[in-house]
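> Chains A and B supply the protein sequences, listed in that same order.
The opening position of the first sequence corresponds to residue 1 in our numbering, with each subsequent residue numbered one higher.
The opening position of the second sequence corresponds to residue 1 in our numbering, with each subsequent residue numbered one higher.
What the hints contain is simulated information worked out from the structure, not anything from laboratory work.
Don't take each hint at face value.
Given that identical chains are not distinguished, each listed pair holds provided it fits within a single copy or across any two copies.
Unchecked claim - Derived BS3-like pairs (lysine-lysine); straight-line CA-CA distance at most 27 Å: (1) 136 with 9; (2) 136 with 51; (3) 135 with 175; (4) 121 with 135; (5) 121 with 9; (6) 121 with 136; (7) 9 with 51; (8) 175 with 9; (9) 51 with 135; (10) 135 with 9; (11) 51 with 175.
Just so it is clear, the structure is predicted and the values come from calculations on it, not from any experiment.
In case you want the letters, here they are:
Protein chains: 2
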Amino acid sequence: MSRWKPNTKERLERAASELFAERDFDDITVAEIAQRAGLTERTFFRYFTDKREVLFSGRQALEDAFSDTIASATDSATPLQMVTEALMNVGEFMETRREFARKRQSIITANPELQERELLKMEHLSRVIAEALIKKGVTEPTASLSANMTTAIFRIAFAEWVVTQDTMSLNEHMKNLLDQFSTIAASGQ
Amino acid sequence: MSRWKPNTKERLERAASELFAERDFDDITVAEIAQRAGLTERTFFRYFTDKREVLFSGRQALEDAFSDTIASATDSATPLQMVTEALMNVGEFMETRREFARKRQSIITANPELQERELLKMEHLSRVIAEALIKKGVTEPTASLSANMTTAIFRIAFAEWVVTQDTMSLNEHMKNLLDQFSTIAASGQ
Numbered sequence: 001m002s003r004w005k006p007n008t009k010e011r012l013e014r015a016a017s018e019l020f021a022e023r024d025f026d027d028i029t030v031a032e033i034a035q036r037a038g039l040t041e042r043t044f045f046r047y048f049t050d051k052r053e054v055l056f057s058g059r060q061a062l063e064d065a066f067s068d069t070i071a072s073a074t075d076s077a078t079p080l081q082m083v084t085e086a087l088m089n090v091g092e093f094m095e096t097r098r099e100f101a102r103k104r105q106s107i108i109t110a111n112p113e114l115q116e117r118e119l120l121k122m123e124h125l126s127r128v129i130a131e132a133l134i135k136k137g138v139t140e141p142t143a144s145l146s147a148n149m150t151t152a153i154f155r156i157a158f159a160e161w162v163v164t165q166d167t168m169s170l171n172e173h174m175k176n177l178l179d180q181f182s183t184i185a186a187s188g189q
Numbered sequence: 001m002s003r004w005k006p007n008t009k010e011r012l013e014r015a016a017s018e019l020f021a022e023r024d025f026d027d028i029t030v031a032e033i034a035q036r037a038g039l040t041e042r043t044f045f046r047y048f049t050d051k052r053e054v055l056f057s058g059r060q061a062l063e064d065a066f067s068d069t070i071a072s073a074t075d076s077a078t079p080l081q082m083v084t085e086a087l088m089n090v091g092e093f094m095e096t097r098r099e100f101a102r103k104r105q106s107i108i109t110a111n112p113e114l115q116e117r118e119l120l121k122m123e124h125l126s127r128v129i130a131e132a133l134i135k136k137g138v139t140e141p142t143a144s145l146s147a148n149m150t151t152a153i154f155r156i157a158f159a160e161w162v163v164t165q166d167t168m169s170l171n172e173h174m175k176n177l178l179d180q181f182s183t184i185a186a187s188g189q
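Generate the whole structure from the sequences, applying the supplied hints.
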């Protein structure tokens with residue numbers, strides 16, 4: 001049962017996501033997560049320090065999605081066009097995981113320590129986006145400002161998307177915010 | 001020496017600011033701060049848990065400066081006009097404390113725990129600004145988006161202002177960023 005298999009980490013993440021979406025976070029044990037993934041607790045602890053850790057395992061994938069999309073943008077693309085495309089790519093992927101995202105958010109909202117961690121994650125994401133833009137020739141402070149704007153739009157749209165029961169997709173929420181952003185900027189200092 | 005006097009907290013803050021600007025943070029003791037303020041250590045500990053706490057004592061004043069400026073804006077002001085005015089008011093006040101700001105920033109940059117605390121402070125400031133805008137009739141998500149933009153501009157401008165040795169004021173840095181913001185927004189999604 002504990003033999004090495006490919007994608008061990010991904011299997012643990014998937015099992016945890018399923019369980020988090022199905023039941024109360026506090027009632028789920030590491031043993032159950034491991035069992036659902038067909039693995040042992042010991043294997044779980046080779047990848048994660050505790051079950052909370054699994055809630056943040058998507059961090060690297062999220063950062064990569066932003067940097068890769070920006071890196072592959074055409075040279076004529078503006079910072080706003082690059083980050084818009086990145087947001088839309090991320091949103092499309094997230095859309096397939098709405099139930100997990102909803103559950104995850106409610107766990108985080110109930111826990112100040114996890115909120116801080118989420119905030120640090122977003123701060124790091126801003127830096128990753130700024131660096132990706134700089135690699136495309138965007139200068140400072142435009143890179144940092146665009147990056148901060150991007151994570152703000154992502155966070156606000158995400159919070160609306162997981163809380164509301166409406167049929168609007170995450171990308172529709174983000175598009176609305178991108179429009180709002182232009183409206184605010186055009187309204188005069 | 002420890003009799004009650006008005007503005008005790010402010011005197012401790014001023015004494016600490018002076019010492020932080022003059023010498024190495026690690027070498028300064030609470031006893032020295034209290035002595036400079038003409039007070040006892042015991043009095044210091046009635047207001048602050050430790051000397052780091054003094055670095056964050058301006059938080060309430062900063063939040064108030066933003067909310068009060070927004071609250072007193074004319075009814076026809078746009079969100080961007082309200083936050084611009086608030087930024088300029090805050091910047092003008094900060095300008096008188098550049099040396100302390102510079103020293104404070106270098107202390108925080110060297111300490112991950114203080115960086116987290118600073119980040120939480122900025123997150124709270126965003127919420128305070130959003131609430132002030134909502135009280136003026138701005139709806140969500142415009143209020144949160146404008147608030148996040150405001151703290152992003154404040155943070156980026158502040159970081160440039162304390163690090164660079166140039167003669168540009170904080171307000172000039174912030175005005176540049178406000179212009180950048182409009183340029184980014186106008187460049188098409």
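> Hint by hint, which ones does the structure fall short of?
Going through the list in order, the structure violates hints 1, 2, 8, 9, 10 and 11 and respects the others.
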